[in-house]
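There are 2 protein chains.
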Amino acid sequence: MRDFSNDHSALAINSATVKSLDLKGLIDACARAGIGAIAPWRDQVQAVGIPQAGRMIRDAGLKVTSLVRAGLFTAADAAGRKAAIDDNRRAIEEAVGIGAANLLLIAGGLPPGSKDIAGARQQVRDGLAALLPHARAARMPLALEPLHPMTAADRACVTTLGNANDLCEELGDGIGVAIDVYHVWWDPSLAREIARAGRRILGFHVCDWLVPTTDLLTDRGMMGDGIIDIKSIRRMVEDAGYDDPVDVEIFSANNWWKRDPDEVLRICVERFRSVV
Amino acid sequence: MRDFSNDHSALAINSATVKSLDLKGLIDACARAGIGAIAPWRDQVQAVGIPQAGRMIRDAGLKVTSLVRAGLFTAADAAGRKAAIDDNRRAIEEAVGIGAANLLLIAGGLPPGSKDIAGARQQVRDGLAALLPHARAARMPLALEPLHPMTAADRACVTTLGNANDLCEELGDGIGVAIDVYHVWWDPSLAREIARAGRRILGFHVCDWLVPTTDLLTDRGMMGDGIIDIKSIRRMVEDAGYDDPVDVEIFSANNWWKRDPDEVLRICVERFRSVV
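Residue numbers (my numbering), protein chains in the order written: chain L, 1 to 276; chain U, 1 to 276.
Please keep in mind that the hints were generated in silico from the structure rather than gathered at the bench.
Hints may contain errors.
Note that identical chains are pooled: a pair holds if it fits in a single copy or bridges any two copies.
Stated by the list, open to error - In the DSBU-like style, the derived pairs of lysine-lysine whose C-alpha atoms are separated by at most 30 Å in a straight line are: (1) 115 / 63; (2) 63 / 24; (3) 82 / 24; (4) 19 / 115; (5) 258 / 82; (6) 24 / 115; (7) 115 / 258; (8) 82 / 115; (9) 115 / 231.
Please read these numbers as outputs of a predicted model, since none were measured by experiment.
Use the sequences and the hints to build the structure in full.
What follows is the structure, given as C-alpha cells:
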C-alpha cells in the first residue's frame, strides 16, 4: 500500500468539497495547498467555457481525475432518455477538453411516477450501451459510480459495486467503476467485489460516514471524523491494482461548506496523510 | 399470490406504527379496526408484565407475529456481549410468554469507537450461535431482520438479505429472516435472495420509501405514499412459500405518529387492501 504519511501528491480535490469556489478559485486554492489534482463539476467548467477551463487547468499544471458528473440515464419517456444520451455526449467532449482521465457517471434514480427499479436499471444499461461507442471513439473512459442505497430512488438505482461490476462485464471495454468509501463501506460483499473490479477501478473517493448522519445527501464527514475504516478499503483497492489519485469529495451543508476553503483544504491534506 | 383486496385478515400492526398507544390501547384500537394480529415492542409488554400481557392478548383473540425487538449483539467488550446474550434470553422468555410466533432480532451496529464492521458481523454471528440453543429449547424461532445500509453504523451491521441468509445457513435450525420492504427494496440481488431464503422467511413487513426522505430513521411512509413496488416484493415472498401475516411498521415522527391512532389504523387497512 502506498505510504501517504508524508506525501499528498496522490490527493485530488473534488470541487464539491469547496463548493463556494469557482474554477479559478479552486485552482488558486489548490496551488496554495500544494494539491496537484482536481475533479471539477461540469457547471464549474461550463461557466468559463471548456477551452478556457482546459487552458487554466493545464497552465496550473493540475491533473484532472474525473469530470463530475454525467450519467443520469433514467427518464419517463424515450425523448428524456435521448436527451440524457445527448447530454452525456457533450460531457464526453467536455471531459476531453479539460484533459480529464475519465468521465464520472451516476446512474439516475427512478423516473417520475415509476416504482420499477429493475426497469430503471435496464434504462441505465441501455443508456451506457448507447453512449459507449462515443466514449470509445473519444478515448474517454466512463467511470460508473455506484451510490449508497439510500439514494436509489432519486439519484442512483445502481446501488452496489456488484451491480456496477455486472454492468461493466456485460458492456465491455471503455467503462469501469469509481469506488467511494461513503457509498460502499457497509457492503458485506465489498472485498470480493473490489477484487473482482480489479483493473477496472478508475477512481477512488474518500470522505467519512458520521454518526449520527442527519441528512441523506449533505452530511458527509471529513476523513477521520466518522466510522469508515478508510485505510482498509484503500488497501483492498490498491491490492486490486489501483495506483491513481484519491479524490476527496465531501458534501457538508452544515460544516465544511461553511468554512474557509483554505482551512478545508489544509485539513484535507492533514487527514489525507494521517487517516487515508 | 393472496388476494387482499377485500380481506385484511393477514394484516398485523407493529406497535411502533401507533406509538402513542400502550398495550391496552393497541389491543382496543385493533379490535375497533378489525385487525387480528400485532407485533408489540418489548417495552410495551414489559410495562404491564409478561403474564398479564399474554392474558390480555389471548383474551382479545389476537395473534402475535413477532415480539419486537432483541438482538443488538455488538458491544465494546466481552461483558457487554454477555449482557446482550442475557437480555436476549429474557426476550425469548417474553416472546414465549405472549405467544409470539417468533422473536424479531436486529444485529446491532458498530461498537462505540470501532470502525471494524467485519468484526461487528462476527460478534453478531457469535451472539446468534450462543443464543440459538436457548431459542431451540424454548421452541422460539429467531427472525433476523437485515436493515437498510444507512443504519449499518449505529443499528444493524447485517445490511442485506444475502448477509442474513449466509448467517442462517451457517447457524442451522431455529433461525430465519424477516424481510421489510423498506430495508431491501433497493437491492439488485433481492429476487435471488428471497428465493434463496425460501421457507426460512419468518416475517414480512411493509411501509414505503418517501421521496424525499428527510430522516434516516423516522421518515417512513404509509404504503402507497412512496416508490416501493410492494406487490412485486410480496409476490416474490409468497412465491418463496410465505403465507403468514404481513406487518405494518411505520416510523414517522412528523406525520403518522402525530395522527389519531384510529385514523392511522383505518388508513393501514385501506392501503393494505389496495396497495399491499
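Cross-check of the supplied hints:
no., hint, in the structure
1, 115 / 63, "neither (41 Å within a copy, 32 Å between copies)"
2, 63 / 24, "within (15 Å within a copy, 66 Å between copies)"
3, 82 / 24, "neither (33 Å within a copy, 58 Å between copies)"
4, 19 / 115, "between (33 Å within a copy, 28 Å between copies)"
5, 258 / 82, "neither (38 Å within a copy, 44 Å between copies)"
6, 24 / 115, "neither (42 Å within a copy, 38 Å between copies)"
7, 115 / 258, "between (36 Å within a copy, 27 Å between copies)"
8, 82 / 115, "within (21 Å within a copy, 43 Å between copies)"
9, 115 / 231, "between (37 Å within a copy, 11 Å between copies)"
Violated hints for the displayed structure, listed by number in ascending order: 1, 3, 5 and 6.
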